[in-house]
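Chains as they are written, first to last, in the working numbering: chain W, 1 to 533; chain G, 1001 to 1872.
Treat each hint with caution, since some may be false.
Derived lysine to any residue pairs resembling SDA-like cross-links, with alpha carbons at most 20 Å apart [claimed, not checked]: (1) Lys90/W / Asp1626/G; (2) Lys1075/G / Asp388/W; (3) Lys449/W / Glu5/W.
Please keep in mind that the hints were generated in silico from the structure rather than gathered at the bench. Keep in mind it's a predicted model, so treat the numbers as computed, not measured.
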Amino acid sequence: MNEREKVLDQYSGRVFKNRKDHIIELDEAGVPQVIAANSRSIPGLMVNRGCCYAGCKGVVLGPIADAVVLTHGPIGCGFYSWGTRRNKAKPEGEGAKNYLQYCFSTDMQEPDIVFGGEKKLRQAIVEIMEIFQPKCIFICSTCPVGLIGDDIQAVARWVKSTYKIACAAFSCEGYKGVSQSAGHHIANNGLMKEIIGSGQAKNSKKFAVNLLGEYNIGGDGWETERLLKQIGYEVVSVFTGDGSFEKMKNAHTANLNLVQCHRSINYIAEMMKAKYGIDWIKVNFIGIDETIRSLRSLAIYFDDAGLKQRTEEVIADELAAIEDQRQYYRSRLTGYTAGVFVGGSRSHHYQNLLLDFGIKTVIAGYEFAHRDDYEGREVLPDIKPDADSKNIEQLSPVADEAHYHLTLSKERFAELQNEIDLETYHGMFREMADGTVTVDDFNHYETEKLIELFQPDIFYSGIKDKYMIQKSGTPSRQLHSYDYSGPYACFTGAINFARDTYMSISAPAWKYLTPPWLVSSTLEGSIGGTENA
Amino acid sequence: MNKNFADLNVNPCKMCVPLGAATAFYGIRKCMSILHGSQGCSTYIRRHMATHYNEPVDIASSSLTEQGTVFGGEKNLLQGLENLIRLYEPEVIGVATTCLAETIGEDVPAMIKKFYEQHPEYRQVKIINASTAGYAGTQNEGFFRALRAIVSQVEMRTEKNGKLNVITGYLSPADQRYLKELLAEMGPEFILLPDFSDNLDGGHETMYQRLPQKGTSLEEIAQMGGARCTLELSRFVRPEDSPGAYLQQQYGVPCTRLDIPCGLRGMDALLSALTQLGGRQTEKIWQARSRYLDAMVDSHKYSALGRALIFGEPDFVQGTVKLCAENGLIPVAALTGAVCPEFRQALSEEMAAAAEIQFIDKFVIEDDADFARAEALAVALGVNILIGNSDGRRIAEKMHLPLIRASFPIHDQVGGQRIRTIGYSGSLAFLDRMANALLLQRASGFREDMYKKYYLAGATKPTQIGLATDKAAMLAKKTAEHPCFTCGQGKYARIHLPIAPACNVQCNYCLRKYDCPNESRPGVTTEILSPEEALMKYQRVKADMPNLRVVGIAGPGDSLANFAATKATLTLLHEFDPDVTFCLSTNGLMLPAYAEELIRLQVTHVTITINAVDPKIGAQIYKYVDYMGTRYHGESAAGILLANQLTGLQYLAQHDVVCKVNIVALKGINETHIEDVVRKVKELGAKITNIMQMIPVAGSAFEHIPMVSLKEIAAMRARCSVYLEQMMHCRQCRADAAGTLDHDVSILYRRAERLPADEAAPLQRVAVATKSGTLVDQHFGQANEFYIYESDGIQARFIERRNVVRYCQGKEICETKTDRIEALLHTIKDCSSVLAMRIGDSPQRKLEAMGIRVIATYDRIEDAVKKAAQGA
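For reference, chain G alone in the conformation it holds in the complex:
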């Protein structure tokens, strides 16, 4: 199975059998059709045909109900026939069956016989029945099955008449008109079956005729058995459905099977067949041929840009593939929804030859395909043009590809009935549309590409030396005042504004919860601010902290997945404080879309998290990526993300944005790959990389992955510092962090309230040893982490959790067992008190020597913290 799905059809690339039959019956003069089944079938089919042809489409129904399924539908069909004749006075009636009638096994021929017996007055009405169960193929089979029923049920006049039968598959009314004109021009007397060129593309008459007045007449059909020869313009019609084969078997009319005359070779073949049958090759026809040849030459440079995905009925696809191939427009995928075993065989040579011209090694031919498959192939094969019916519009919209509409149905544009694809003139019109779409695609991006590549990257810098210097100085100053770029020296403060809740990438190490005040790590905040609230917060914090220099947007989701909010915030802040430094964190997915605008918005520093530069590794890190309305998984997700990160990084770097790249070290996944990442981002212009530990988050996919030790991180940083400056002091800040790196005071500014500075007692910072998280219930010496609280004695607020190992500052302190105490002390050295259930004498002395009060207690944490603060 080469399909995505074996038992599920996602977005079908085919319609049902009765629709084809009803269409074919529309090509018979004064013919009405009736579907034997529930009335929904005819309603749905009328709706679909009317929307395409923009003409009244009237198909009756025998309106079977539940009773009919039990007792049979004879009564309904007989009544239906009678009413149809009374109201429409047709000369021919086509009865097509449906899933329902075929499943209950209706004997339609017997019913028709009975109808004639009951109504001798209607004997002159020719009733033709076609067996068209919806599950027995597609509209294409239905179309031919109805034609076969017509030629096999009309009484033939077998005397030789010298005429030529021309039988076609699904063609547009305009193409049928062309064919008629061609045959008239060339001379041989012909019978075209079917011919709905007027019935389904009529004019506006003074009186509307309920009954289709034009088309192949019964009279003409009756002569088909005595014709000289049949030309059947379909390569794929099944022998058992072929009207030409029937006429040959039954009446000895020789049948020649030709391809649909699309493209030069298809049309040449038809022309040569007609010539052999005595047709004239006129000047007019040769002019049309030479005009098409001229057009092939004129547009070959644009045609060659194309990588086409072609879909639809097998004959249409084959004709279009040949037209594309002869124009150097490479058909890389040919799909049909029908089950058609000969399809691959018939197309492969043509497509292989076409692909070879341009070193394309992969092309796909598939029958029984759906649009889910088409979409996957369009991505995989780098398709840049779609050719087929309007159901391809969903892929076209999603992937921003041109769709050249042809075949049936065209539901989103007018004029579907007049689309030309056959003959020299039709091929020319078809080719022009393809070439123009490719030309437009190239032209719309060409100037911009060139401008970016040559003008922006090359010419601007030397001609604007002064400006560049000023800008460089400004940037240097901003960077120097950015806490993340100054080894956290504590002089300047930053604030992270949590305005971006949504994220478009699911990293396996991340679980974002908004209301989570008891954790400190990226992706966490207690509240989401609107842009206006963010401005207010900035104004408040700025008033308290004149050293505030940097505003960061770090989530808790992705700043660019919430671009409207990010843009509004940046605009508001810039109006308020033009000197502020904007620093943005992003996963980079949307950078290509917004990088230009970020620069306009005065963003000078951007951090991109790039964990891998190989989609295979990325696929293990990212669960999915939501991009342009589609959720991608696996390597395609990682591939899209990576491509966007790298182009985004390069663009920003080229435009003097200081780019930092964060790399989360993931044990067993990317730890050996990090050097590659650093090298790659250096090449694209990153200024610094920050290799970080992954903090395992309960509930995330990587919950149980062991942490890469700090020792290993240090070693990686050392290795990578050969290529690029390394950031050594990252605190993996919260999405709403505020203050200096060492002294985060974000808690004071949460929930839009703060402690009035003048009334509040000085804040005490208290470290708590706890196992449960609610009680002070851990021995100091056994603590692996401390909960850090701040309290003024009235309120106690949780600040963060400090991991003893994580806060360990180096080998000499942490490696030996005996110095574990040192690590503990170091972790909480900024606190004024420490609460623990028990504590040994020696650490107690050391703590007191550091000026830290020790309280041994067993109490609820908040209460104990408040008491401790009061006692200070």
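Just chain W, same shape as in the assembly:
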């Protein structure tokens, strides 16, 4: 049995049939591998996935600081998504609002479920307007709302006409789709319909970009913006870390969209291309080499001598500033192995960062990625929509004549596609070495088994498996919330990450524990490849 088969061995026939396609061992690098992804989780398997509401309210809308995000539903969901993702924000300018410290909920009670909660929702909004006077309200519904038929879209229309403010309703009931991913899509659709393009600004700046899919966990977005601004880019808006409704409404004035988290935001990138002609480029500001590659790609895209020179200057400055620490941590960390299991893009991004310090990733996986996040966008035409994905609205915006602006000529665009990651993404598999195993929608048992089989020196995932991993004697770091650390982006962020990693691996406590495989045999097999599968 190889490692993959050993993991699957425990399952019953039915579960085996399902899971075998989600667990892939890469044996010959470069040979296309197909993985099953974005399909329903198996009940009872203790998966790490969240729900549609978590993706919409928690991930995409949550970080927008100057909008009131009102959860329409019973209290739990609003409470659990209250300031838990460590997305930082600071209000900018006089009178700017920051609602990130707040959790707003309609706190539905039993009678509201029986008789409908629309009236309560309206009344809650009256109260919000009285006390908080926001310029923008997002309404997010939880499971029961969709079932009892509250028309939150009608309420949003009423808010817009009564208060003359922006308002969008997101029907992101937890049961929709198969994971957070559906919520990302629903949030993308709502922002596209109601917010982007609603501002009056005109396209004017030469190097104006939007940063998409950067949620400013632990300050990542700020670090990235700092670099971009230093080089001379105008960052029109960030989706959605330290996000601002006031800025996002003018996102259509940018010349280029930079896509950091492909999974959660590619919809907006594509829709903005169709509607406003804005090209997008896949970037990755996690990892030193990747940051350099991304910055150079941008300079190539804009093809401006001054910009290119500034880019190189900034890269040189940043590298010089971290050189000593980079050498130190590299010398300390080289040779270690890691497991990386995060949401839908980070598992890829962090492999690059780990490589900067000589750490090899031996097992990796995503919670809610789609096939293109593993195999690259080349497979998009082959992905057949299933019942769950068909339930999520697919928008097809048409060109907006007033704001449509192409930055590149068609010829130049085609030419550049060969040079940089222009409107393409090659996926995580390409990064991974022979013999590594990738798991889609990993669960508690599989994580435990993989740790046992691969014995990585450190395991990066989230709070739900953190303590289980540590109980097994393996250092762990949370890549969702960074364990109260960060930023990890760009150059100085890479050093923060290396420091945190080394601190975890070298914690004295590990020396006093004995990992189980040193005490008794937990693996079965024989030497010399004579084992029977």
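Place chain G on chain W using the hints.
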């Protein structure tokens, strides 16, 4: 409704029902739980529990999708149960429903029945279902509902076993361990339900066990029906959720309800109940009791400093209130997020008695409260300590209050699972933490307070006579050279550096626009300077004006709302010119924070605008106040502002800073209150007050308020001069004013450029009569105001608008109709020409007699002004 909001929950002080159920199931041996609903529920709950307990928290989900909402979730739940059993081999499975399952009306008992039918091989696994819709209460109800489901679904062995059932609500694992030790010490055989003291606070074992190995076993639960008696340590559990009530109804096991054993009386009650049931009172227990008593005495002086806001589950709050009350730490607010009608009744007597000891007449007990309510109460009741879960941290940070973390969840610190609050030893530990927080609060400010009150205010002056005299002489000189303090005698010049754009107070009479060169009043400038630019500007102006003595920071926002810029500017300027006089204008909001530093920065003159000394009146003047990250409205805004203005003024005055207080007279709002303001600021040490007219600004909230007439202002000043010197010559200068009061040349220094003095023709000052503001289109005699321009014939620059009435210098000139012309002439007497559409013969003669050229024209203003200047 005693809540802020009726239909909106802002920052909830409660969690959902299934979370409580999942926690309770963690107290059962070899039990796994599964939530029937969408997978987000279990993910969110796992995340919240794991962060608190720092342990693996594994709760499965039936992962319902949209299809499940249509066809029902039976298939998912059956499959989930099967997988759970295959992978974890549990002895018990708790199935808790969620909002989704309850809303679509899932029949879980029927599904479990079906599961057993399909899988006879799993019959030995006990599957327990709890109906826990998220909208049917809070985590506290969920907790008891799961316990009730457990005792009602496990087959009981009813033969009498003489054991004692002990059922608790939400306790920390450490408190559960304590309870077990206590019961073991006292002797009676007991069954503790639930018991997650190991499962949620485990050690590091050689092999990690996926399945929780400890807790109350099925075997023990089965004996609960044959027990001698039940002690249920919860005052507020609903009868329909109470496991004790069920055991009594069903199996005749008598149930005694006790308070959570927090504090002396709570623990005494438990001890006495256990003694009656045959428990031994050992020496060890009595020692713990006497140690707690000793601690109560030891810390009573610090405990009594406390005014506590306590929040969380009803039982926790009640126990903590009793502990606080018996220690003289006054619980002034007790809040729970749960809907709990008995809550108020149960606590009011205790809290009233506690409050009475220290003359506190107001305390609040509320159920169904959120943190927005808690924050409002903390302000209103003068709370100085918060006790509850870590969600109170936001208030704690904002108000700089200590938060004693207890209960669930603790998300921002480690060790939440080991916090002790019950028993004598737990009460002692809990009390120590409170007393220490209060002690720290007192100690951290005590020396400083005393130093300020006695040492600085009293002792310094006599011992430093020489120094004080020097300083006084220096101050007198600086004041004498300050244009605002010398009746604008025109000898010395001042410059206002516009470096402070932001403001933290919105006054209803103010509308600040930066790029507004056509107005002259406070709050207006054409540009904002960086500290470095400000230095450059000062250097340029100083070179041209050797009589420049005073640098003022007057906005356009508030100098202290931009303290970094203000500090940098003052530092730079002081380095360049150590003799410069610094004069700062502020609304006073941030004075307590920065006054000390301002003195260090050599600021000798400060102007504070104080329009009212009564928050009720202030509330009409200020729209809002942004303070420490929060926007306050109404009287709380005015109250905060006022308190800071007055403490700031007093502090500055005590430290020899010359303080001027500006008062904007607002018709119908503070006009009768101004005397009070003057008296108050005099008392605190202000040297001069300046009562000013409000200039109505289009677009501001007070746009349509009539101006208080100059006559009225003069009368007010006369009345107030009895108390304090009055400033009579205020020009309500721009935020970037430069020059002497009578001759503002700020226009020359704007936008970092200036006319080269040697090349430019002499400047002509031209008065323009205009209605439209763009054309010379007004009859001279009908003009109520003049636009004043300066021009060298090549460029024309707007200086200011002069209101004829405002420039009127007194009764004898302005009061009579016939002398209106005199007022007009007086307004423009410093101009070399006047432009008007038409002009009467008599004024024309008078103007020419004054040496002012009269040009009648109908033209664009700029062109006409330039022509006039060329013709000179």
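In ascending order, which of the hints set out earlier in this document are inconsistent with the structure? When the structure is compared with the hints, none of them turns out to be violated.
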